[in-house]
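Let's have the full structure, built from the sequences with the hints guiding it.
4 protein chains.
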Amino acid sequence: MKAIEIKRIKDIKLNNPIIIEGLPGVGHVGKLVAEHIIKQLGAEKIIEIYSPHFPPQVIVNSNGTIKLVNNEIYAYKADDGGQDLLIIVGDHQSATNEGHYELCSTYISIAKEFGVKRIYTLGGYGTGELSESTDIIGAVNNIELVEQLKSAGVAVGEQELNAGIIGVSGLLLGMCMQIELDAACLMGVTSGYMVDPKSAQSVLRALGKLIGIEFDMHDLEERAVDMMKIVEKLQNAGQVPQPELQSYNEDLRYIG
Amino acid sequence: MKAIEIKRIKDIKLNNPIIIEGLPGVGHVGKLVAEHIIKQLGAEKIIEIYSPHFPPQVIVNSNGTIKLVNNEIYAYKADDGGQDLLIIVGDHQSATNEGHYELCSTYISIAKEFGVKRIYTLGGYGTGELSESTDIIGAVNNIELVEQLKSAGVAVGEQELNAGIIGVSGLLLGMCMQIELDAACLMGVTSGYMVDPKSAQSVLRALGKLIGIEFDMHDLEERAVDMMKIVEKLQNAGQVPQPELQSYNEDLRYIG
Amino acid sequence: MKAIEIKRIKDIKLNNPIIIEGLPGVGHVGKLVAEHIIKQLGAEKIIEIYSPHFPPQVIVNSNGTIKLVNNEIYAYKADDGGQDLLIIVGDHQSATNEGHYELCSTYISIAKEFGVKRIYTLGGYGTGELSESTDIIGAVNNIELVEQLKSAGVAVGEQELNAGIIGVSGLLLGMCMQIELDAACLMGVTSGYMVDPKSAQSVLRALGKLIGIEFDMHDLEERAVDMMKIVEKLQNAGQVPQPELQSYNEDLRYIG
Amino acid sequence: MKAIEIKRIKDIKLNNPIIIEGLPGVGHVGKLVAEHIIKQLGAEKIIEIYSPHFPPQVIVNSNGTIKLVNNEIYAYKADDGGQDLLIIVGDHQSATNEGHYELCSTYISIAKEFGVKRIYTLGGYGTGELSESTDIIGAVNNIELVEQLKSAGVAVGEQELNAGIIGVSGLLLGMCMQIELDAACLMGVTSGYMVDPKSAQSVLRALGKLIGIEFDMHDLEERAVDMMKIVEKLQNAGQVPQPELQSYNEDLRYIG
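Protein chains in written order, with this note's numbering: chain V, 1 to 256; chain Y, 1001 to 1256; chain L, 2001 to 2256; chain C, 3001 to 3256.
Hint data in this document are derived by calculation from the structure and do not stem from the laboratory. Since the model is a prediction, treat every value here as computed from it, not as a measurement. C-beta: ideal position from N, C-alpha, C; glycine also. Treat each hint with caution, since some may be false.
For lysine to any residue, the following SDA-like pairs were computed, each having C-alpha atoms within a straight-line distance of at most 25 Å [as the list claims (entries may be wrong)]:
#, chain 1, residue 1, chain 2, residue 2
1, L, Lys2112, L, Gly2208
2, V, Lys2, Y, Glu1180
3, L, Lys2002, V, Ala95
4, V, Lys67, Y, Ala1155
5, C, Lys3209, C, Glu3221
6, V, Lys67, Y, Asn1142
What follows is a list of derived Cβ distance ranges for each label pair [said to hold, decoys possible]:
#, chain 1, residue 1, chain 2, residue 2, range
7, V, His218, L, Ser2109, 57 to 67 Å
8, V, Glu160, L, Gly2042, 25 to 35 Å
9, L, Lys2233, V, Glu160, 13 to 23 Å
On the chain Y side, residues computed to face chain V include the following (Cβ under 10 Å) [said to hold, decoys possible]:
#, residue
10, Gly1099
11, Cys1104
12, Met1177
Put into structure tokens, the structure is as follows:
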């Protein structure tokens, strides 16, 4: 295997689908949201993507069977003339620099094939501080999308993002911009220290408004409660990291 | 040398051979087992595999001659209509991400050439704790293999393997699954701190049951006794690492 | 995207242009100078260069729109028969070793296309010590350039540069030397700890003499004043790093 | 530049030349010896080798001119029917894993072109302890060379070299073995902490015996005296590192 392999699992016709990308990243916010959508809508796996740029690793399922790490695309066909979806999920993002570019090229080819006109990439924005923020920060590759995001409660252009957006959620916006395919990134504010189902809820709520689908939050709420109990237990034991003091480096940081 | 080079040392016809992979890894468990089998059965080297993905290194033999690091395949032809074997051993696994995928592709080509229907990959499962566990943990790329492994004393699906299986022992299962070639991984439980001939014995015993060959354990037993003496000496000197306390990170670990 | 992509934004004819390269580096000295020149001369963007060797990242603008990281070439056409310029700027240098060579090859192709006869690469020379030095250190790929640099106040051959010059500013000199295209590197002495608009002023002044253009320093002066205030505040708070004592390693350093 | 570039500087006919490789490495022993030979014999540069696998760097000469990092081959044509030589020197070894294999392939092509029948690679063997050892450790890719090395005072097969030989000095032996081109590696015992002209003297003496050329040691002796003075000064100041105590890891080290 020297190149990306695209394995077609099922043929499907979709009507103006939107792509939602939720690969692993900060706080696993995007992954939690994307997997929640797949489960709740009963979306079907239609494509598996394998690449030598993923780590050389298999996942072991609870019954002892394995799965080669990959990215997968699920399709949701709305019964009622509603919004069709393609959802990108996976075990890992690329382990190499060049692999990110190659894999995003692959996603874009698939987007073109399905006539996709809009992509939402999902992620977390790590602040380094424990909080229960429900804020969502957005970025777009077409200024006309700003108002749509704002009307869904997403903060756009209100905060300086010095590090930009790294990985698929950012790169996909950049590469789509070159072919004038509209894409927006929704980042749930999170500590960056742990999986954050609470932040995922906020992102899911905003995304739901944007794509016109109302999602049940039950599972994510339960997971958030579980997570809060763990954090509380650890805080009582003094094991939760404190936010670091701002160092002078930030004041003098390089001007991008 | 810009690509993998396959050097044929000897032609041989085998009857439905099984592949056993024992490259270096955790506790060198797989390597110990595979080299023990080669020695005991008098298997012959038939193929050498060189690759720019291996470290740029030579091994120096005790007489001052050298050997370019490689992977090698040994063949065992049973005299008595017994089980024929192909055994993969080597000095190193790939030093690069992509190299793992390329080398596994090479092993699979060779498996096809010999009409292989089953592969066993061998490794260690590092717990971070010194113990004399004889447990073996298994994983399979076809659920029909679970019962066979269990009947040989291998624990399958009893333990969560959060990190999955990294390297050739895992990747080979994943890549074989894509072409429906049955493969199972046997991992001896070991500390991960040192070479573990005791764990290797357990793996060899289980593997012997699975492939219908009874192995003499003498050499591995001797090495295990030697190793225990060293550990004891070090423990008396206070030099053996204690198992680390579980950190809160593990409780909150990302959900795969 | 598996290769470098050159996107032409605008066609332009230039008369014997000189190339000025100011990509991010030590103290962002080169970047500050190049961006200052673009702004002051009103140079126009004519080329965008994208590469899988750049980090997989987008920059987020203050209005929430994004920009895929790239390198860009701006052109300045002098009205008055003065010196035409091509200016190379960007968000990042290559993230991989090989990428540096590939990207420099690209710059050289563009240089040939425009009939460029001279290149100035700009950077910082980090001393590890806070100072207000206005020194500029130069290096050339043709000994005939030494006197020109000296007459512009650049120190050439007065100081041992043990680490050589790493990155585009150095590599471009080396690769141009192979095709006998004259190139010189101007490095402003700087601490290496922070963005240094003061050092950028010195470089800009020397460069101005070399290319026969007088630049207004106002913006850089203001930025330098701002930066000095920050440093002063930090020094009062005891937060500015002291220069490290020379370690014995430097005395015994390997002879290049 | 996406591939290795071989630049021919001068055509020369040699009579059964031996190759001597002395690229930078442990204690710069090989580099010191090779450069000493070039200087003393007045060998001429005939080939320059450039590669995107070298660091993206230029060396700055004392007069301010630069040199793109490369590897170079010098030729020595003996007047008196003596031994002709090809000497490989350079600023760096490959910065990437695959680059080592590619560059060694290049050296071997050049060896074939000149009808080379023997290669000596030179390096240092770092012990981690300051000493004035004059020992030389050898390794060969053909057992018939062992006695020749021993008769020149080189220890072969007397010491376990657990890490093998890493980099060009080892890889060249391994890759030459595959085409049955005789090669031997001479490693001067050294601390590994600093440039070691004393160890270089020992290697040069042994190499001289092997190739039948008597070298003047004057320059290396002077450099060794200088280096000893520096070490003494540092020792008095308490700045020289002490050898580390052997850790238990070495006792239990993985069996190759």
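Taking the hints in turn, this is what the structure says about them:
no. : hint                             : verdict
1   : L:Lys2112 / L:Gly2208            : holds, 23 Å
2   : V:Lys2 / Y:Glu1180               : holds, 20 Å
3   : L:Lys2002 / V:Ala95              : holds, 16 Å
4   : V:Lys67 / Y:Ala1155              : holds, 18 Å
5   : C:Lys3209 / C:Glu3221            : holds, 18 Å
6   : V:Lys67 / Y:Asn1142              : holds, 10 Å
7   : V:His218 / L:Ser2109: 57 to 67 Å : holds, 58 Å
8   : V:Glu160 / L:Gly2042: 25 to 35 Å : holds, 27 Å
9   : L:Lys2233 / V:Glu160: 13 to 23 Å : holds, 20 Å
10  : Gly1099                          : holds, 9 Å
11  : Cys1104                          : holds, 8 Å
12  : Met1177                          : holds, 6 Å
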